[in-house]
Structures are given as structure tokens and as C-alpha cells.
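**Student:** Chains as they are written, first to last, in my numbering: chain A, 1 to 125; chain B, 1 to 526.
For the record, the hints were derived by calculation from the structure and aren't laboratory data.
Warning: the hint list may mix true and false statements.
In silico DSS-like links for lysine-lysine, alpha-carbon gap of 27 Å or less [what the hints assert, rightly or not]:
id : chain 1 : residue 1 : chain 2 : residue 2
1  : B       : Lys108    : B       : Lys41
2  : A       : Lys31     : A       : Lys70
3  : A       : Lys56     : B       : Lys472
4  : A       : Lys92     : B       : Lys373
To give an idea of the interface, some chain B residues facing chain A are shown, with a C-beta separation under 8 Å as derived from the structure [stated by the list, open to error]:
id : residue
5  : Ala196
6  : Thr198
7  : Ala199
8  : Leu321
9  : His329
10 : Gln351
11 : Ser356
12 : Asn357
Beta carbons: idealized from backbone N, C-alpha and C, even for Gly.
Here is how the chains run, residue by residue.
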Amino acid sequence: MNKGNILVVDDEDIVLLSCKRALTPEGYNVKTVRRGADGITLLGNEAFDIVMTDLKMPDMDGIEVLRRVKEGWPAIEVIIITGYQTVETAVKAIKLGAFDYIEKPFTPEQILTVVNNAVARRANQ
Amino acid sequence: MRAHVKKTIYSLTGKLIITIGTLMVVGSTIFWYFLIHFQEKELLRNSVKYGHSFVDFVEKSTRYGMLTFQQLLIQQTVEAIGSAEGIVKIRMFDGRGKIAYSSVKEEKGTMLGKNESVCMLCHSNSRKAVEMPSWSIKKDKDGYRILNLLQPIYNEPACYTSSCHVHSIGTAILGFTEADISLSLLDKAVKKQELAITAYVLGFICLLSVVLCTILWNLVSTPLSVLTHGMERVAAGELDHTVKIDTKDEMGELATAFNAMTFDLKKAKDELVEWGNTLEKKVEEKTEEIRKAQAKLIHSEKLASLGRMAAGVAHEINSPLTGIVTFGHLLLKKFPEGSQEREDVEVIIEQANRCSNIIKGLLGFARASSAEKSSINVNDIVNSSLNMVRHKADFFNIKIVLNFDESLSSIKADASQIQQVFLNMIINAADAMEGKGTFTVTTRKVDENGVPFVEVEFNDSGPGINEKDIPKLFEPFFTTKPVGKGTGLGLAVSHGIIQDHGGRIRVRSTIGKGTSFFVRLPFYEG
Ligand SMILES: Nc1ncnc2c1ncn2[C@@H]1O[C@H](COP(=O)(O)OP(=O)(O)OP(=O)(O)O)[C@@H](O)[C@H]1O
Ligand SMILES: [Mg+2]
């Protein structure tokens with residue numbers, strides 16, 4: 001069964017792999033890309049329920065990805081992954097419509113909880 | 001102390017004395033000359049007057065003899081009168097120049113020529129004859145003057161009607177009487193007077209000089225030399241020196257003015273010195289201030305760059321840590337509970353979490369350099385911080401005492417940063433007390449050099465801090481806690497945060513009694 005389609009954007013392979021390994025066994029369909037631009041392109045081709053994006057990336061940063069997703073696909077929930085949390089960026093992300101944020105390093109349980117919550121909210125709407 | 005006075009003629013006193021002395025000598029000489037001259041003239045005039053009366057007297061004494069033609073009687077009378085003191089000689093001439101009678105008996109009857117000096121008076125070429133009494137002065141052998149008097153004997157009715165008929169009615173002058181009167185007494189008196197006056201004048205000049213000298217010495221020379229001496233000492237830098245002249249005259253005024261000037265000079269100099277000193281102090285103070293500001297700047301710059309580095313490191317390290325933690329957890333599920341492999345994987349996860357904690361501690365520096373200040377009350381922050389940890393097992397047996405100054409007004413600060421500081425203080429205390437004892441938090445207002453501060457004291461009844469550790473407390477990574485429990489970043493970050501807020505942290509600790517941390521934050525108006 002497919003609980004939902006998730007797109008993960010991060011410039012670090014290990015983070016992408018971690019998300020995939022943590023979520024796939026739980027019934028999620030996980031696609032990963034290493035650049036924000038690739039993610040936006042992929043969104044045009046496939047349907048996703050949730051987008052998870054790192055904040056700090058070389059070409060397009062997480063805030064920009066969030067803004068583009070909310071512009072093009074407002075129904076998709078966005079979860080921010082941060083290497084270090086600051087009040088400003090968290091507030092900014094929530095204001096721009098992010099569902100939640102999760103700090104690195106996270107455990108499989110933590111990421112699963114956040115994703116489950118996001119999926120639940122999407123289902124409620 | 002009497003100063004040395006120049007006693008030369010170049011000194012003021014010398015010049016004045018010489019001038020006044022010369023003026024007095026010249027003046028009194030002139031005065032003296034005119035006085036004597038006038039006096040002598042007067043005396044002579046009187047002598048002549050008396051001389052003429054005397055000659056009159058002689059003529060009148062002989063008148064009877066003449067009228068009765070008793071030549072012997074006349075001669076005897078003339079001799080008698082001529083023998084009186086001061087009378088040199090008396091002669092009576094007849095109309096033809098014969099000495100008819102004389103006090104010098106031998107001369108009687110001698111005929112004199114018209115060339116005799118006595119005859120020349122009336123018989124000189126210019127004047128044929130003089131019918132007037134006259135006088136002249138000659139000198140005797142001692143140099144004294146002799147008054148020579150000539151007086152005609154006029155013809156009168158009694159003469160030409162006399163029985164002897166010697167004189168006819170046509171002749172005007174019958175003869176003349178000549179008398180020599182000595183003026184030696186007068187001359188002697190004048191000489192004496194001259195001497196006396198000279199002596200008086202000299203004495204007077206001497207006396208006046210002495211008086212003038214004394215007056216000038218006391219009024220001018222002495223004060224002047226005292227002043228000169230004073231000026232020399234003042235010029236040599238002795239500004240405390242005052243000139244003591246108490247007179248009420250110009251010298252006293254000069255001394256007062258001089259003392260006032262010295263006083264002003266001293267005041268000005270003192271002010272200058274004082275100014276120089278305070279300037280030095282001020283420069284030192286400013287230098288210290290600048291040094292402190294610089295140190296603070298360097299410190300906050302260090303903090304900021306440490307923060308930037310920490311942020312970078314956090315981002316870089318957290319991604320691999322995510323991998324370790326995630327895969328660790330995934331692996332964990334594959335091993336049965338209690339197996340050696342599972343325990344090993346748990347260690348891996350634990351250590352990864354430790355790394356994550358270190359990173360979080362480092363991130364405190366990143367946050368310390370970006371404060372968001374709002375109006376907060378420290379009592380509230382203390383309460384909320386305590387509420388976050390109160391329920392933890394470490395605090396179950398710790399007695400918490402709160403001494404709040406409820407009247408504290410709010411301060412401008414970053415609430416989450418201040419809470420981070422307070423939390424670290426609370427956790428440090430709990431760690432030190434090892435689960436038992438009393439923890440007291442006191443808030444109060446304090447005054448530091450007139451600037452109001454709010455002070456929060458965190459006091460615990462723990463074991464205290466070793467004196468040698470106290471200087472290291474605020475260094476990053478200084479900790480005495482076991483590996484995994486403390487990172488040693490708590491106080492370092494706290495210090496950065498509080499300094500950033502314009503406050504400071506102090507420690508007071510007694511071994512065996514406990515420790516107090518004092519956090520001071522300034523009240524900002526508004
Ligand atoms: N109340 C206290 N009583 C005794 N020792 C203290 C107290 N507070 C701090 N210390 C000492 O100061 C050291 C440094 O404290 P600091 O808060 O900087 O780091 P930490 O508590 O060891 O680690 P971290 O706060 O990063 O978890 C502590 O390890 C401890 O030895
Ligand atoms: Mg600590």
C-alpha cells in the first residue's frame with residue numbers, strides 16, 4: 001500500500017538515503033533529488049503529497065523551494081529540514097506556509113511522526 | 001632679615017642726598033652772601049650817620065672857642081675828643097687847607113697842598129668845590145677799615161659878626177672838620193657773624209643729610225631691596241614667598257600688588273600642574289576605556305566568527321550525523337533485545353547524539369551574536385526557566401527558594417538568550433549539588449557608579465569551585481563534568497550573551513559551602 005508520495009530535496013546524499021530508508025519501509029513512496037530546480041521540474045511531471053527540503057543548498061535554498069511549491073502546488077505540505085535551527089528562519093518558514101520543521105540529526109521515529117502528521121492534515125483538508 | 005643695600009653714589013639714596021646737599025650748599029651760600037652784604041651796608045650807613053653826628057658834636061663843642069677866638073681851648077677840646085676809644089684822629093682845617101687844630105698836637109699849623117687826597121675830594125678837576133658833608137673808607141695797618149668823614153664849617157652870622165672879625169660875610173665855607181673813626185669793632189663782629197653762619201649752615205646740611213638718609217633708607221632703599229630680593233626668589237621659582245612691607249605708602253601698595261601677583265602666578269601654575277595631572281589621568285582613563293572597548297569588540301568579533309564557524313560546522317556535521325543516527329536506528333531493529341550487537345549499535349547512536357549536543361552548544365555562539373531585544377522582566381524569565389527543569393528527577397530533593405524583588409521594572413533584552421543563560425546556571429547548580437541541598441535565586445536592584453542594574457543571584461549549597469578553576473570557568477570547553485554530561489560551553493556562551501547585553505557575570509564560591517553566580521544586566525530606559 002502507498003501511504004503517500006514524498007519528494008526529498010537535499011544536497012547531501014546521506015540525508016536523502018536516510019529519509020528513503022526511514023520512510024520506505026513505512027509505506028511511503030520516496031523520490032529524492034539533489035537540487036531544488038530538479039525538484040520543481042519533477043513536481044511538474046509527477047504528483048506528490050509532501051515535499052521535504054533542506055534549508056541550506058548551493059543553487060536554490062529551501063526557502064525558495066518552499067515558495068515555488070506553495071505557488072505552484074498549494075496543496076502539497078512542505079516540511080523543512082534544518083541543519084541548525086534559528087528562530088528567524090523557523091518563523092519565516094512557517095509564515096511562508098511550511099507545515100513543520102525537523103532538525104538534523106533526526107531519528108527514523110522523529111521523521112515518521114512529522115510526515116504522518118503532515119499526511120493526516122492533508123487528508124483532513 | 002635685612003637685605004644688602006648698595007651704598008654707592010649710584011643708589012637712589014646717594015643721588016638724592018648729593019642733589020639735595022648741592023642745592024642746599026648753593027642756596028645757603030647765596031642767602032648767606034646777600035644777608036651779610038645787606039647787613040654790612042646797613043651797619044656802615046648807621047656808622048656814617050653817627051659819624052656825622054659825631055663831627056657835628058665836635059664842631060659844636062668847639063663853637064664857643066671859635067666865637068671867642070680861644071685857640072687853646074679849641075685845641076684842648078679836639079685833643080680830648082680825639083683821645084676817645086675808636087677815634088683815630090680829628091682835624092680841623094681852615095679855608096686855605098691849613099690844619100688849624102688836630103687831635104695829633106704836632107700836626108697843628110701844618111699847611112697841606114691841594115694835591116693831598118683829603119683835598120682832592122672837593123678840589124678835584126671835575127668839581128671845583130663841594131659844600132656837602134662826605135665820607136670815605138680807608139684801611140689801617142691791621143687791615144681794619146677806618147671811616148673818614150669830612151664836613152664843611154659853614155659861615156654864619158655869628159661868625160662874621162664876631163668881635164675878632166676874622167671872617168668876612170662873603171665866604172660860604174670857613175673850613176672843614178675831618179674825623180677818622182675806626183670800624184675795627186664792626187669788622188670783627190661781621191667776621192664773627194660770617195663764621196657763625198657758615199658753621200650753622202654746615203651743621204644744618206649735615207643734620208639734614210642724616211635725617212634724609214634715614215628717611216630714604218627706611219622709606220625707599222630697604223623696601224626696594226626687600227622687593228628686589230622677593231622678585232629674585234619668585235623668579236627662581238619660589239612662588240610661596242611673600243614680601244613683608246606693612247607701610248601704608250606706595251611701597252606698601254607695591255608690595256601688596258607684588259604679593260597678589262605672586263599669588264595669582266602660583267594659582268595659575270598650580271592650576272596648570274593640576275590640569276596636567278588630571279590630563280594624564282584622563283588620558284589613562286580613556287586609554288583604559290578604549291582598551292576595554294577594543295577587548296570587548298575583539299571578544300564579540302571572536303564570538304561572532306565562532307558563531308559563523310559553528311553554524312557552518314553544524315550544517316556540515318549534522319548531515320552525516322543524520323545518516324549515522326538513522327542507520328543506527330534501522331540497524332537496531334535488526335538485533336534482538338539484549339544482544340551484544342544491539343548494545344554496540346546503541347553506543348554508536350549515543351555517541352552520535354553526543355556529537356549533536358556539542359554542535360548545539362556551539363550554536364549558542366551563533367545565537368549570542370544575533371539578539372532580538374524586547375521588554376522583559378527577569379523574575380518571569382527565572383520562573384519560566386525553573387519550570388522547564390523542576391519536574392526532572394535531579395530536582396526532586398532540592399529545595400528551591402525564591403527571593404524576588406517584585407518591584408523590578410522590565411529591561412530590554414533577548415528573552416530566549418537570557419533564558420538560555422539562566423537555564424545553564426540552574427542546571428550547573430543542580431549538577432554541583434548532586435540532587436540535594438538548597439538552591440536560592442535572588443533578584444535585586446543594584447547601583448554601579450550611578451548606573452542602575454538588575455542583579456540575579458543563583459546560589460547553591462554545592463561543594464564550591466576550586467580557586468584555580470575560577471579564571472577558567474568562562475573559557476569554552478572548560479568542564480569538570482564526566483564525558484557526555486557537559487560540553488563546557490554553557491558559561492562561555494552565557495558570558496558572551498550577558499556581555500552583549502551590557503552586563504556581566506561574577507562568581508563567589510567557598511569550598512564546602514556553596515557557590516553564587518551573579519548576573520548583572522543594565523536597566524535601559526524605554
Ligand atoms: N554552581 C556550580 N558549582 C560548582 N561548579 C560549577 C558550578 N557552575 C559551574 N561549575 C563548574 O564550571 C564548569 C563549566 O560550566 P559550564 O556551564 O560552562 O559548562 P558545563 O556545565 O560543564 O557544560 P554545559 O553547560 O556546556 O553543559 C562546570 O563543569 C563546573 O565544573
Ligand atoms: Mg553548564
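**Student:** May I ask which of the numbered hints given earlier this structure violates, with the numbers listed in increasing order?
**Tutor:** Hints 1, 3, 5, 6, 7, 10, 12 contradicted; others consistent.
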